[in-house]
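Let the sequences and hints guide you as you build the complete structure.
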Amino acid sequence: MWHAARIDPGSGNLITFLQFLFIALEGFINTSKCGTVKPRIGLRDYTILVAMFFVASVCNNYAFDFNIPMPLHMIFRAGSLIANMIMGIVILHKRYAFSKYLSVGMISAGIVICTIISGKEVKSTQTIAAVEEEDPMTTLFWWALGIALLTLALFVSARMGIYQEVLYKRYGKHPKEALFYTHLLPLPFFLLLTTNIWDHIKIANASELYELPIVSIGVPIMWIYLLGNVLTQYLCISSVYVLTTECTSLTVTLVVTLRKFVSLLFSIVYFSNPFTIYHWIGTILVFTGTIIFTEVVDKVRQALAPSKQAAAVGDKKAN
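If you count the sequence shown from 1, position 81 lands on 81 in my numbering, and the numbers rise without skipping.
Among these hints, one or two may not hold up.
[Stated by the list, open to error] Pairs of lysine-lysine residues, derived as DSBU-like cross-links and limited to a Cα-Cα distance of at most 30 Å, are as follows: (1) K169 to K38; (2) K33 to K169; (3) K100 to K33; (4) K173 to K100; (5) K202 to K33; (6) K299 to K169; (7) K173 to K299; (8) K299 to K94; (9) K94 to K173; (10) K176 to K38; (11) K100 to K299; (12) K38 to K173.
I should point out that these hints are in silico values taken from the structure, not numbers from a laboratory.
Put into structure tokens, the structure is as follows:
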């Protein structure tokens, strides 16, 4: 995705459309057996889930068109734990220990630091309707709009996770079916984005040619990146859907958040993206806050405690 975003920063909708189309076709053949298998979960529930999924995906993708650089995009989305916690309080009326609120504060502070620092160095990423010169206030306005889109996507995704957890408790575990229908039902929505998708298809076709080995055929390199992204995202998304049937929404959010941090660090090293000391401080705060939030240290201690007790009992018997 990074390679594709570098060639065409506004290609998010094209990328999402290809992902949805591929997963829908694969599910139609292997999961629904060409429409012969009836869904276990009601289509009305899937439609609600799909609406939230589609809104979150489009908001995240459009953010690239509003002066949001890739590292900031990934760090900001790491705040999904905060959004999940807030939605849990509002919808499920949950109450949390002080350590939970402390961790949320750390994560929030980390995201704010990274947002402010990245905002100072923001540049326009518009590729279709490029402007020769943008005044600072115009650039700041588009950047703020991009932040608003990311915020909306954050909370919609959190609500979707909670709703998905409720569905699995009600209907049972059907990850492959959920994966199929949540990617099939949104396809008509892409008709609203036809112009945008077609514009970026033309940009992809005009990208540098890459000669395929053995067959010696030149293919626009953007399509190579898009194919690679579709396949890798399929593996990631299908794994997440399986995880949602086995864990709570919060646990799934944690796993996805940590994966994003690994991707972020990889992107910094691989692409030599500018990453100041303030970005590192923000990242450390987010990561540490995540560890505190999930009580990983306490759980490790509890897991090790029985083995220590067993060892102590064994020593007493030996004596």
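Results of checking the hints against the structure:
As the CA atoms of K169 and K38 are separated by approximately 19 Å, the hinted pair is consistent with the 30 Å bound. A distance of roughly 25 Å separates the Cα atoms of K33 and K169; the hinted pair therefore holds under the 30 Å criterion. Between K100 and K33 the CA atoms are separated by roughly 45 Å; this puts the pair beyond 30 Å, and the hint is violated. Restraint check: the Cα-Cα separation between K173 and K100 comes to about 29 Å, which is no more than 30 Å; the hinted pair holds.
Proximity of K202 to K33 is assessed by CA-CA distance (about 34 Å); at most 30 Å being required, the pair is judged violated. The suggested pairing of K299 with K169 holds, with an alpha-carbon distance near 25 Å, which does not exceed 30 Å. At most 30 Å may separate the alpha-carbon atoms for a hinted pair to count; K173 and K299 meet this at roughly 26 Å. This hinted pair checks out: K299 and K94 have alpha carbons roughly 21 Å apart, not beyond 30 Å.
Between K94 and K173 the alpha-carbon distance is near 24 Å, which keeps this suggested pair within the 30 Å criterion. For a cut-off of 30 Å, the pair hint linking K176 to K38 stands: about 13 Å separates their Cα positions. With a C-alpha separation of about 15 Å, the suggested pair K100 and K299 falls inside the 30 Å cut-off, and the hint holds. For the given pair, K38 sits about 15 Å from K173 by alpha-carbon distance, which is consistent with the 30 Å threshold.
Consistency note: the structure conflicts with the earlier hints numbered 3 and 5.
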